[in-house]
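J.: Sequence:
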Amino acid sequence: MTQRSVQQVLGGWGNCPVETCHVTSPESLDALSETVSRGEQSDYIARGLGRAYGDSALNADRGVILTRRLNRLLAFDPQSGLLECESGVSFADLARVMVPRGWFFPTTPGTKFVTVGGAIAADVHGKNHHRDGTFGNFVRRLTLLTASGEVLACSPQENADVFWATVGGMGLTGVILTAQIALMKIETAYFDVSYQRTAHLDETLERFAATDHEYRYSVAWIDCLASGRSLGRSVLMLANDGRADQLPRRLAQRPLDVPARLPLSVPFQMPGFALNPWSVKAFNALFYAKNKDRSTLVDYNTFFYPLDGVQHWNRIYGRRGFIQYQALFPRETSRSGLVKLLEKIARSRGASFLAVLKTSGEAGPGMLSYLHAGHTLALDLPNTGADLRRLVRDLDRILLDEGGRLYAAKDALTSAEVFAAMYPRLDEFRQVKARIDPKMKFVSSQARRLGIVEAVCPKPFLSSAPIPALHDRFSTCSRHAAAG
Numbered sequence: 015m016t017q018r019s020v021q022q023v024l025g026g027w028g029n030c031p032v033e034t035c036h037v038t039s040p041e042s043l044d045a046l047s048e049t050v051s052r053g054e055q056s057d058y059i060a061r062g063l064g065r066a067y068g069d070s071a072l073n074a075d076r077g078v079i080l081t082r083r084l085n086r087l088l089a090f091d092p093q094s095g096l097l098e099c100e101s102g103v104s105f106a107d108l109a110r111v112m113v114p115r116g117w118f119f120p121t122t123p124g125t126k127f128v129t130v131g132g133a134i135a136a137d138v139h140g141k142n143h144h145r146d147g148t149f150g151n152f153v154r155r156l157t158l159l160t161a162s163g164e165v166l167a168c169s170p171q172e173n174a175d176v177f178w179a180t181v182g183g184m185g186l187t188g189v190i191l192t193a194q195i196a197l198m199k200i201e202t203a204y205f206d207v208s209y210q211r212t213a214h215l216d217e218t219l220e221r222f223a224a225t226d227h228e229y230r231y232s233v234a235w236i237d238c239l240a241s242g243r244s245l246g247r248s249v250l251m252l253a254n255d256g257r258a259d260q261l262p263r264r265l266a267q268r269p270l271d272v273p274a275r276l277p278l279s280v281p282f283q284m285p286g287f288a289l290n291p292w293s294v295k296a297f298n299a300l301f302y303a304k305n306k307d308r309s310t311l312v313d314y315n316t317f318f319y320p321l322d323g324v325q326h327w328n329r330i331y332g333r334r335g336f337i338q339y340q341a342l343f344p345r346e347t348s349r350s351g352l353v354k355l356l357e358k359i360a361r362s363r364g365a366s367f368l369a370v371l372k373t374s375g376e377a378g379p380g381m382l383s384y385l386h387a388g389h390t391l392a393l394d395l396p397n398t399g400a401d402l403r404r405l406v407r408d409l410d411r412i413l414l415d416e417g418g419r420l421y422a423a424k425d426a427l428t429s430a431e432v433f434a435a436m437y438p439r440l441d442e443f444r445q446v447k448a449r450i451d452p453k454m455k456f457v458s459s460q461a462r463r464l465g466i467v468e469a470v471c472p473k474p475f476l477s478s479a480p481i482p483a484l485h486d487r488f489s490t491c492s493r494h495a496a497a498g
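Numbering-wise (our numbering), the sequence shown opens with residue 15 and increments by one.
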């Protein structure tokens, strides 16, 4: 039966912006193909669980295809660890099925409420990028529904250019149908974590450099409101996979089980005054004081997905929503870039209680994949309208001056000129897209804003010149607080 789209207000995880889209939710690959070929809407973008922060899974007044019902597990080889599944399978579902069998993800983002298709489209990374790279490194093949209706098999060996345009391509090459991914064998569902406090940024970076060879996973919570001698003070969380012989007796009998916990929940949008520089400063001081140096075993939910234990945590930012600004600096300029960025945040008193610093390794083959060797800092910033737009312009300027870039899966405000300056392989991506999608059937609001789907010719960026005006939709994003 032909499925018609319905109008629905959607937002990213930051609820900023929110847009009215025409949404379909096919329950089979045939229904998905029929939706695209029928062309009720001029163009479409696939959407999984909506955890991209900005507008990469939105398509204002046009088509959005929900893939969450395309969530079958198709095959698993327990000898090689190769799993084949449909793109709408979530990491949460996979963990529930595979961890008790002794398998886990080779890398994972900070939430398990993402789909396999979304993880490929964003080429997600985790706390082990300096060792293992991005999720795309572990995708052995995928099938892609293209604009012509063809189902194209892609891998690093077959249709390789389309494969590496799709990995990190934010859904703009077509709809990912299925994927084969390599899972990682584990002894336990636990991780051996060392918590280490640092007094300032230099010590944080030195500790990263000294321990990267020792720990497979590393991340730091960073106090982004600290200043002066305490600028960049952090709590590092360094970990390796837990071994069975490390578990205490109460856990050793069932090493692949994790305790069930009732999730907390934020029941409503918090008032705007609840999150402010004073409350965030108090939280940061408490978090830093509480996390003294220690080593302990924690389960995978606690280590990788702490915020997943609080349902609807994005509501703490209130009806106006927030953005996540994730900056990457190359290793050669990361210290100077991070100092400038942290000083700017501290002066602006941007109320980010969540600030995460990680080390990144070498770049992967994805044309629009985010990471290369350096350090990445992710900041949650509440929407303060014009003040935030001015702050973001300043942060973008720092990034460009230091040779850095932003992560498309988190971006909500960057201009086409800035994005083009950050991604030197953009034209290569456009050429692949033009070949397999000449009529631009797969488009998102972000792709239009960033000029990815158009041949934008950016002017050279000079540090003394103003960054072009950012998108005006951002000032109206509080109209639909319950979106997404």
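These aren't lab readings, by the way, just hints derived from the structure by calculation.
Hints are supplied without guarantee of correctness; some may be wrong.
[As the list claims (entries may be wrong)] As a list, the in silico DSSO-like pairs of lysine-lysine whose alpha-carbon atoms are at most 27 Å apart:
1. Lys358 with Lys295
2. Lys295 with Lys306
3. Lys295 with Lys354
J.: Check whether the Cα positions of lysine 295 and lysine 354 lie no farther apart than 27 Å.
T.: OK: lysine 295 and lysine 354 at ~19 Å, within 27 Å.
J.: Under the criterion that the straight-line Cα-Cα distance not exceed 27 Å, is the pair lysine 358, lysine 295 satisfied?
T.: Distance of about 16 Å is within 27 Å: holds.
J.: Taking only the CA atoms, is the gap from lysine 295 to lysine 306 under or equal to 27 Å?
T.: Holds, at roughly 18 Å.
Hint compliance for this structure: no hint is broken.
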